[in-house]
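Whenever a hint applies, use it, and build me the whole structure from the sequences.
There are 2 protein chains.
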Amino acid sequence: MDTVKATLVDAMHFDIEVDGHHFMVDAASEVGGIDAGPQPVRLLIAGLAGCTGMDVISILRKKRQEVTHFEVEVNGARATDYPKVYTDIEVVYRVRATTLTRHRSNGRFSYLRNGTARAMAMLRKAANITNRYEIEQEY
Amino acid sequence: MDTVKATLVDAMHFDIEVDGHHFMVDAASEVGGIDAGPQPVRLLIAGLAGCTGMDVISILRKKRQEVTHFEVEVNGARATDYPKVYTDIEVVYRVRATTLTRHRSNGRFSYLRNGTARAMAMLRKAANITNRYEIEQEY
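Sequences listed follow chains R and D, in order.
Quick note on numbering: the first sequence equals residues 18 to 156 in our numbering.
Quick note on numbering: the second sequence equals residues 18 to 156 in our numbering.
These are calculated hints, taken from the structure and not from any lab test.
The reader is advised that the hints may include incorrect statements.
Same chains, same label: a pair holds when it works inside one copy or across any pair of copies.
[Unchecked claim] With a cut-off of at most 20 Å between alpha-carbon atoms, the simulated DMTMM-like pairs for lysine to aspartate or glutamate come out as follows: (1) K22 x D105; (2) K79 x E153; (3) K142 x E107; (4) K22 x E151; (5) K80 x E155; (6) K79 x E47; (7) K22 x E107; (8) K101 x E47; (9) K142 x D98; (10) K101 x D36; (11) K80 x E151; (12) K101 x D19; (13) K80 x D27; (14) K80 x E153.
And the structure:
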């Protein structure tokens with residue numbers, strides 16, 4: 018069982034506690050926020066970025082790729098109607114490496130996939146998720 | 018469009034950026050984490066806690082309830098099979114207030130509901146979500 022807690026501090030400003038780690042969330046300014054922290058709905062796509070990032074860097078390391086930079090950007094498009102959920106989520110993986118092995122048979126980095134991350138498996142049920150790789154080889 | 022970014026720092030430790038705010042996430046110790054931050058899958062339920070917390074505190078304020086303490090605890094039970102998604106999520110709202118108005122017709126705090134929060138609307142498609150109120154009146 019995983020437990021997290023959000024405790025009201027002031028206005029629309031909450032302290033989030035996860036396993037002894039604390040950070041703040043706040044509302045959009047239209048609804049009383051003062052930018053004291055990220056908006057909480059964005060933690061869904063932040064969780065997705067972290068989860069799939071860990072998944073993919075593990076694969077790159079297992080494949081003995083020498084990665085010098087790795088980041089995951091997640092772009093979430095929201096519905097115009099309330100509750101304005103994310104309808105389409107794009108995941109962009111940016112990999113820079115000194116060696117990068119393509120798959121022998123199809124010339125692609127097909128060992129890279131994102132389907133097994135937990136957050137991905139959950140959010141896929143609520144939104145359309147696409148992904149893209151930007152790969153830069155250093156020599 | 019909402020954009021977030023996870024950038025690899027070291028080992029399984031990523032910097033998460035959301036609208037200029039930064040915090041760390043890290044993996045579980047079994048897979049190389051050193052507790053440098055929360056595990057990213059937990060951001061899903063943290064986002065849920067923050068989102069529905071903002072929703073409910075807004076309702077309490079509209080109803081002119083004098084809230085002295087408010088927190089939302091979210092407990093997520095994971096599947097035993099990979100990718101070990103959250104299957105059942107319990108949301109516990111703890112409200113302490115000097116005045117608390119029950120609904121005239123049914124004696125319940127039926128103006129409190131959590132269905133409209135964005136994170137709730139999304140995660141409801143992936144997990145079974147239940148909720149419970151713990152209400153304490155101060156005199």
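If the cut is 20 Å between Cα atoms, do K22 and D105 qualify within a copy, between copies, both or neither? between (28 Å within a copy, 16 Å between copies)
Which holds for K101 with D36 at a C-alpha limit of 20 Å: within a copy, between copies, both or neither? between (29 Å within a copy, 18 Å between copies)
Up to 20 Å CA-CA - D98 versus K142, copy category: both (19 Å within a copy, 17 Å between copies)
Should K79 paired with E47 be assigned to within, between, both, or neither, using CA atoms and 20 Å as the limit? Answer is between: at 16 Å across copies they meet the 20 Å cutoff, but 46 Å inside does not.
Can you give me the call for K80 and D27, within, between, both or neither, at a CA distance of at most 20 Å? Answer is between: at 18 Å across copies they meet the 20 Å cutoff, but 48 Å inside does not.
Measure nothing new, just compare the shortest in-copy and cross-copy C-alpha distances for K101 and D19 to 20 Å and report within, between, both or neither. between (26 Å within a copy, 12 Å between copies)
Using 20 Å as the alpha-carbon threshold, which applies to K22 and E107: within, between, both, or neither? between (28 Å within a copy, 12 Å between copies)
Indicate which option fits the pair K101, E47 if close means a Cα-Cα distance not exceeding 20 Å: within, between, both or neither. Within one copy only: 15 Å inside, 37 Å across.
Should K79 paired with E153 be assigned to within, between, both, or neither, using CA atoms and 20 Å as the limit? within (19 Å within a copy, 53 Å between copies)
When no copy is specified for K80 and E155, does a C-alpha distance of 20 Å or less occur within a copy, between copies, both, or neither? within (17 Å within a copy, 60 Å between copies)
For the identical chains here, do K80 and E151 meet the 20 Å Cα criterion within one copy, between copies, both, or neither? For K80 and E151, the Cα distance is within 20 Å only inside one copy (18 Å; across copies 50 Å).
Copy assignment of K80 with E153, given that the CA separation must stay at most 20 Å: Cα proximity of K80 and E153: one copy only (17 Å, versus 55 Å across).
Against the hints set out earlier in the document, no violation occurs for any number.
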